[in-house]
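With the first letter of the sequence shown counted as 1, position 355 gets the number 336 in the numbering used here; the numbers rise by one all the way through.
Honestly, the hints are just simulated from the structure, not real lab data.
Restricting the straight-line Cα-Cα distance to at most 25 Å, the calculated cross-link-like pairs of lysine-lysine (PhoX-like) are:
no., residue 1, residue 2
1, 303, 268
2, 71, 130
3, 268, 302
4, 256, 295
5, 256, 303
6, 130, 118
7, 256, 302
8, 268, 256
9, 268, 367
Note that the structure is predicted; figures quoted are calculated from it, not measured.
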Amino acid sequence: MKKIFGILLIFAVLGGIAFAGGAGEGVVTNAQKPLVFFNRQPSDPTTGSIDMDAMNWNDKTYYVGFDAAGGGAVQGQLILDYLASADPAKLDRNGDGVIGYLLCIGDVGHNDSNARTRGIREALGTWNGSTEATNVKEGSANVGGTTMKVVELQGLPMTGTDGSTWNANAATDAMMNWATRFGDAIDMVVSNNDGMAMGCLQASNYPAGVPIFGYDANADAIDAIGNGTLTGTVSQNVDAQAAGTLQVLRNLLDGLTGADVYTKGFSEPDQYGNKITPTVDYRADEKAVMAQNSGVNADNWQQYTFGNRDAGIKQTNAPAKKVLLTIYNSADNFLSSSYLPALQYYAPLMNIELTVVQGDGQNEASCLDRFTNLGNFDAYAINMVKTNSARDYLDRLRY
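Let the hints inform the model, and build the full structure from the sequences given.
Spelled out as structure tokens, the structure:
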């Protein structure tokens, strides 16, 4: 009897192992599913170094965004081109021979904000090796053929009373104080994004005629360029980013690997015949798909009128898949008015069903607390409140 029992026990154990192995082979855990970080690249908020531990979470983890450093350079060049054709006598409002500008800084812990601050200051010669608000030096620029001194009168991070960054209301308040404090020494205003630029223009005492530059090419900013109230902005190609986020997910969900993940639908048509029209680059060292930037001003603003979608993306018969997507701040102008509508346009075309979770822009918990029921989804797209919070989301996906 003992011998028979022993034999049965061995068979039971072996059978259990076989069953577990068979079940495991057919089950995809959350940790094995496709994951795309977008808009906020996992990174150290102080040094800017990319969190490659997060990017190597699994072989289906990628980042989709835009070239932040290149965007800062585009914004700087946009400003320089404007100054080169400006009339010094009109631009220099108090005639002191100095071009004084104000800078609205977004989030000092955000790579994109830091890249824009640097691009602006390098173009104007005020860069002093740091993105700190007060670390600047005297610069110079060509204004209508005359070399003039350039001074940053003040640069401030625009943080709301609730702790949110990139805050338009904070920019309105700051502009009202600046206009009172600096008066006609203000010759130009530059902002790390359109939301803060438009906030400045809401100030009741904004000095009439002073040029102001933003970044993002939001719909209201494009309209403002058209009516002459905003001088310029930078398009980070929101449609290429949104469609790119979904295209990478689609490729991964369809089982594509290697270079096919970032070439199919980008540099060549995917299996459904779709191909994103704008040029998108891939950075292997960051596992990052990057859209390019372009300057927008009075000469070309009509090309960026809101609602012009990429005709390269059409309805497909791809298998339906579910994606849980987080947006760090429901009040963020760029994400809510530009990025999300683009996602909602392209997702159905790729047969991707999005469940969108939006945070408050301050506390990671506002997204994390709703980053749940993960087993119900085929893939995940994450936009963090803080760029160093990737681990918090990955810990949720371990189980």
